[in-house]
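> Listed below are the residues making up each chain.
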Amino acid sequence: MSEEPRRVLLIDDEEVVLDSCLAILEGTDYEVATAASGAEGLEKAGEFSPDLVFVDLKMPGMSGMEVLEELSSRDPTMVAIVFTGFATIESAVEAMKRGAYDFLPKPFTPEEFRAMIRRGLEWRRLLLETAALRREREALRENFAAIVSHELRSPLGAVRQNLFVLIQELEAVISEDQKRRLERMSARLDDLLGMINRWLRGFSVDFAGLQESFQPVSIEEPLAEAVESAEGEAVRKEVEIATMVEPGAVVLGDRGTLAEALLNVIGNAVKYSRPGGRVTVTVGRELQKVVVSVKDTGVGIPEADLPRVFDGFYRGQAAESGPGGAGIGLAVTRRIVEIHGGSIRAESEPGRGSTFVITLPALENPPAASAGPSEEASKGEAG
Amino acid sequence: MSERKKVLIIDDDPDFVEGIKAILDGGGYETEVSYNPKDGWAALKKGGYDLLCLDIMMGRGAEGVMLARKIRKDPVLREMPVLIITSIREQIAFLFPGQAVHPGFVPVDELVEKPVEPELLLQKAGALIAAAEKRRAGAE
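Here the protein sequences come in this chain order: Z and W.
So for the first sequence, the numbering used here puts the first residue at 1; every next one is plus one.
So for the second sequence, the numbering used here puts the first residue at 1; every next one is plus one.
Watch out, some of these pointers could steer you wrong.
Chain W stretches covered by chain Z per the calculated footprint, using a threshold of three residues with CB under 8 Å from any CB of chain Z [stated by the list, open to error]:
no., region
1, 12-23
2, 70-78
A few chain W positions that, by computed beta-carbon distances, are all more than 10 Å from chain Z [stated by the list, open to error]:
no., residue
3, Asp39
4, Ala42
5, Glu63
6, Glu110
7, Ala127
8, Glu133
9, Ala139
Calculated from the structure, these hints are not laboratory results.
These numbers come from a predicted model, not from an experiment.
Glycine included, each C-beta is placed from N, C-alpha and C at the ideal position.
Modelling step: build the complete structure from the supplied sequences, incorporating the hints.
Here it is as structure tokens:
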């Protein structure tokens, strides 16, 4: 609906009102339809799809209130204004409660009527715009994975595919340095494709479906995997990753995504550490819980930002180095942890470091399969 | 059977096609290309291919999937191995809710992800063609 809203429907049982309204609007470019009763008005509304409807409250048969309710249930963006014959505040207020945008007491002057139409149509325009934006946002959210997948990945994939071939075909004729640069380009493209894949995961993967294939996992395994993956960056930044693991911590879960969750947290700890810093990973058991805490001595998170860090697209302002990420890692991490019936929280002292604590229900007698999904986060201290 | 094997590529991205066509050509295959499912189907009906490399996401969605299903219903074409080339391995189930598009939706199919490494592509292509020939020999 890109055209300017200009269709006006008038519903009133008094012919004189309809006639005078039509006379007022003569020569304007509004499209006007009229109806002499509530029932006829609803019928007209169906075929005419007006932007703005004037309804008389007091009509024989179907009352103006009923018409209002029906109209707003059909299309909440349709703007309705009531004519109030005997201008009582009560009936006007009642009408507005039922979805009317405003009321116009009879008798009214032509100028009042025209001004009301302008205002009503302007409101309709805003409602339509808002609805369109909302639809667009929803569509974008729903189709994000598809859009990113096709529109971003396809061209990158095509470029990468040709690089594969070019490197092979040119091998004999290019210098080592040229070859190195082509390979460097390939590596950068691979990084980019990997990043897009991670985004897609954050938006689209059905983590809940993972639960069907949960198995007993000794937390040491995904932890070792995550630490190994984070080690490269840590070595470059001269950040030490120390782990202290209490043996025997088993959870019911998916090893791969647990490793991903742990890597996100440990990787962040490294990323926000200062060179020469230290990341301490502790695994302990408390009651029926496995508590993993990741403590860094990095830049920390401002207190005001703490509640937002697990929302999508949060990025630490103080990322001191590196290309950074999409700001989606912790949101994915929280989803993974929650699918495992656990919880994650963050504590931080700006300038001194942060501690992320993941709490997962412990599997006490593996392979007995019972994971309590509703357990509260417990207090976990970093070593 | 020592003549060159014939491979049909159906993919709507000409740049990507160049990338895999060069690999297959280099691997000694005779390649033909269709850039949309319609032309692809026409070429398939003409016959004579040893392998189909099929893109999943074409046109307005998963037209490659439709094509693959059509192929499986065809008494002649169903014997031809199909190598699915896709950029949506993980998202595949998400994109078509209510429509199970599991990578293993046709038993003899293989699936590789875009971009595909040259060695991997040649290895999969060779293996699929060899397996199909073995099946045919067994059936005779």
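> Would you mind marking each hint as holding or not holding in the structure?
Against the structure, the hints:
| no. | hint | in the structure |
| --- | --- | --- |
| 1 | 12-23 | holds (count 8) |
| 2 | 70-78 | violated (count 0) |
| 3 | Asp39 | holds (19 Å) |
| 4 | Ala42 | holds (24 Å) |
| 5 | Glu63 | holds (12 Å) |
| 6 | Glu110 | holds (17 Å) |
| 7 | Ala127 | holds (19 Å) |
| 8 | Glu133 | holds (27 Å) |
| 9 | Ala139 | holds (35 Å) |
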